[in-house]
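Asker: For reference, each letter of the sequence shown is one residue, going 11 to 152 in this note's numbering.
Hints should not be assumed to be uniformly reliable.
To be verified - Here are the computed distance ranges between Cβ atoms for each label pair:
no., residue 1, residue 2, range
1, E142, Q113, 27 to 37 angstroms
2, V40, E120, 16 to 26 angstroms
3, N97, I66, 34 to 44 angstroms
4, D52, D133, 39 to 49 angstroms
5, S33, T78, 38 to 48 angstroms
Hints listed in this document are in silico derivations from the structure and should not be mistaken for laboratory results.
This structure is a prediction, so every number in the text was calculated from the model and none was measured.
Ideal Cβ placement from N, Cα and C applies to all residues, glycine included.
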Amino acid sequence: MRRLLICVCASAFLLTGCESEPSGPPLEPVADVGELMRMILDPAADAVWDSSGTIITVEGTEEWEPETDEEWAVVLNGAMTIAEGANLLMIGERARDQEGWMQLSLNMSEAAMLVHEAALARDAERVFDLGETLYRSCDRCH
Numbered sequence: 011m012r013r014l015l016i017c018v019c020a021s022a023f024l025l026t027g028c029e030s031e032p033s034g035p036p037l038e039p040v041a042d043v044g045e046l047m048r049m050i051l052d053p054a055a056d057a058v059w060d061s062s063g064t065i066i067t068v069e070g071t072e073e074w075e076p077e078t079d080e081e082w083a084v085v086l087n088g089a090m091t092i093a094e095g096a097n098l099l100m101i102g103e104r105a106r107d108q109e110g111w112m113q114l115s116l117n118m119s120e121a122a123m124l125v126h127e128a129a130l131a132r133d134a135e136r137v138f139d140l141g142e143t144l145y146r147s148c149d150r151c152h
């Protein structure tokens, strides 16, 4: 009997350590989806897409890509902002149909992180090519 009591007490003691920590206050969205797009995601995407390109006219060809630390920082910041912005799209009421919306948001975050990795490597051609992947992840939603 004494052994049983010791086992029960030890089990109860061990199980109290298994309680999960409170996860903090609930996340309360501040902006709606349209505001997130206009104020956070669109400007960040434009920063990525505008960082490199080619224009061909009768006068000739103009090409540009990031070269300085500051120019690469713009691409890195834009890509990370998109990746984190995609997380914001999955909070609360913004996650409309849960499954489909969540997958679209995850796809956008993954595409942005690929751009971020390419920018860390200072691979302008890859950043340019991944711009299409990023665009398609945005375009699938609208």
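Asker: Run every hint past the structure and note whether it holds.
Answerer: Verification of the supplied hints:
Checked against the given bound of 27 to 37 angstroms, the beta carbons of E142 and Q113, roughly 19 angstroms apart, lie outside it. Range check, V40 to E120: about 25 angstroms between beta-carbon atoms, so the 16 to 26 angstroms window is met. For N97 and I66, the Cβ-Cβ distance of about 38 angstroms falls inside the hinted range of 34 to 44 angstroms, so the restraint holds. Evaluation of the 39 to 49 angstroms hint for D52 and D133 yields a failure: the beta carbon distance comes to about 24 angstroms.
Under the hint 38 to 48 angstroms, the C-beta atoms of S33 and T78, about 41 angstroms apart, fit the expected range.
The structure is inconsistent with the numbered hints 1, 4, although it conforms to all the rest.
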